[in-house]
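Protein chains: 2
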Amino acid sequence: MLYIVGLGLGGERGITVRGLDAVRRCARIYMEARTALLTFGVDGDPSSRLTKLENLCGNAVTVAGREIVEGEGGDQILREATGADIAFLVVGHPFGSDEPSCKATYTDLVVQAKELGIVVKVIDSASVLNAVGACGLELHRYGEAITIPFFTETCKRDHFYQTIVNNRWLGLHTLCLLDIYAKEPISESLIRGNKVYEPPRFMTVNTAISQLLEVLEMRGEPEPAYDEDSLCIGLARLGSDDEKIVAGPMRKLVDVDFGPPPHCLVVVGETTQVEKGMLQFYMIRS
Amino acid sequence: MLYIVGLGLGGERGITVRGLDAVRRCARIYMEARTALLTFGVDGDPSSRLTKLENLCGNAVTVAGREIVEGEGGDQILREATGADIAFLVVGHPFGSDEPSCKATYTDLVVQAKELGIVVKVIDSASVLNAVGACGLELHRYGEAITIPFFTETCKRDHFYQTIVNNRWLGLHTLCLLDIYAKEPISESLIRGNKVYEPPRFMTVNTAISQLLEVLEMRGEPEPAYDEDSLCIGLARLGSDDEKIVAGPMRKLVDVDFGPPPHCLVVVGETTQVEKGMLQFYMIRS
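Protein chains in written order, with UniProt numbering: chain F, 1 to 286; chain Z, 1 to 286.
One chain only, chain F, in its complex shape (with noise of 0.2 Å):
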């Protein structure tokens, strides 16, 4: 049997008391690395919440990268889950997009282990799309949610542009999530064959905000979608104690530090009377 159990926000806590009884009872347990990098701070850190969560489990916890869940590692968990219920847990939700491009891969697992007869058991947790409550806005007034990638000086992708396009036409709120960029093989080390990774890095709210507004100049439209007055409400670290929501125009928000990961953003559509209530608790003040 395969479990694939959502960790929830803010550490081992966000685990189901379900979830918890589940993974108890696994012979293994591997947690996908990417996202888990900026919770559980893996990388070269013994101290890390990772004993946490290990003790939690009561067993030891195996960081599967990308490279493992795709490769041969992906096939020796379906294998091992063949004769023995394994564990497999994942920031967020399951089916969560708190990292859309990793996402495909736990469904590709899913698909595989399905097709071998493998029983999969899906244990929910929060995911950033439902814990975005937080600041206030209804859920259900959201639009699609976007991904906004890292610019470089070659590569400024803004295909998302027109899905804020979209929502706002619609009256809804954007979820933005923010590019993770963790535990990428430098691709010169691939052509090696000896695989050396970069530091891992994150989008912070400011990143985020200032491409936004660079979209705005490239694009240079009579009527864009949103300028630099327009509302927006920055989060991070969701679900955790220190927890951080700040709303205000992007000019103001551009300039808030708003700490450690995991960051987001909301480009705020229109707003119910409710909505505009809580909004008040965080409005910047200047």
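It is worth saying that the hints were derived from the structure and are not from the lab.
Cβ coordinates follow ideal geometry from the N, Cα and C atoms, glycine included.
Heads up, none of these hints are tricks.
Calculated from the model, a selection of chain F residues having no Cβ within reach of chain Z, i.e. all distances over 10 Å:
{"#": "1", "residue": "LEU78"}
{"#": "2", "residue": "ARG79"}
{"#": "3", "residue": "GLU80"}
{"#": "4", "residue": "LEU116"}
{"#": "5", "residue": "LEU216"}
{"#": "6", "residue": "GLU228"}
{"#": "7", "residue": "ASP257"}
{"#": "8", "residue": "GLY259"}
{"#": "9", "residue": "PRO260"}
Pairs of lysine-lysine, DSS-like flavour, derived with a Cα cap of 30 Å:
{"#": "10", "chain 1": "Z", "residue 1": "LYS244", "chain 2": "Z", "residue 2": "LYS52"}
{"#": "11", "chain 1": "Z", "residue 1": "LYS121", "chain 2": "Z", "residue 2": "LYS52"}
{"#": "12", "chain 1": "F", "residue 1": "LYS52", "chain 2": "Z", "residue 2": "LYS121"}
{"#": "13", "chain 1": "F", "residue 1": "LYS244", "chain 2": "Z", "residue 2": "LYS114"}
Here chain F is said to cover these stretches of chain Z; the calculated rule only asks that three of the stretch's residues, wherever they fall, bring their Cβ under 8 Å from a Cβ of chain F:
{"#": "14", "stretch": "1-11"}
{"#": "15", "stretch": "17-29"}
{"#": "16", "stretch": "109-120"}
Knowing the structure of chain F, use the given hints to seat chain Z on it.
Just chain Z, lined up with the frame of chain F:
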């Protein structure tokens, strides 16, 4: 301090470890009644899951109907929370739209508490909004969610239709939350001042599809947003051990027995290869 704690899905074990820690510290525990009726069988069932929840929390749980939260009971909760740790449990996610008509109530409670200077801590868990990911459609490819209300002889509000139109135009999936009719005082009994409640009802996938098809007849549009051959997914008891997921055209799903509540429905938009791979496991055979 006021803790608003999500119970997640599938009963008491959907609460997170963090949520359980908090609840066990609290002097009093309230639970909202409306959606809880469906999961915890609170009404007239002494051996219900409510007892299991109380055992898990190590304390009595007071079930608070809407009239309590919005009326004097709400004041009582707030008064208690100024001097002690009080928990307010919500099925699903505290800000999830598992039950949209009730959502504003919690938000109001949070706003009132904050205005009184009470520290409010929201503890997330899963909601139908991300648990619906179990069917294999990518969560960030859903548009705005809708709620389908019970049609009556005299009232058939189909305002949700336009949202399906918008979502399908954008190629997005539509999550349909289905109406719950629980613990509503009968109008005449309110006039008499002696409240009598109607028996709780929940909308099945079958009723939802029947009503969606009825909307088509009522509107008679030449190019409707869907028809009886449109691919939908019915989901029942998400997160529970006996969850049931079946995909197929409306005309077939309308006859499938999904069993006890809660139910929800997805009107499928454009699908990716990965999504098609997952859906095959749930397609109705005939």
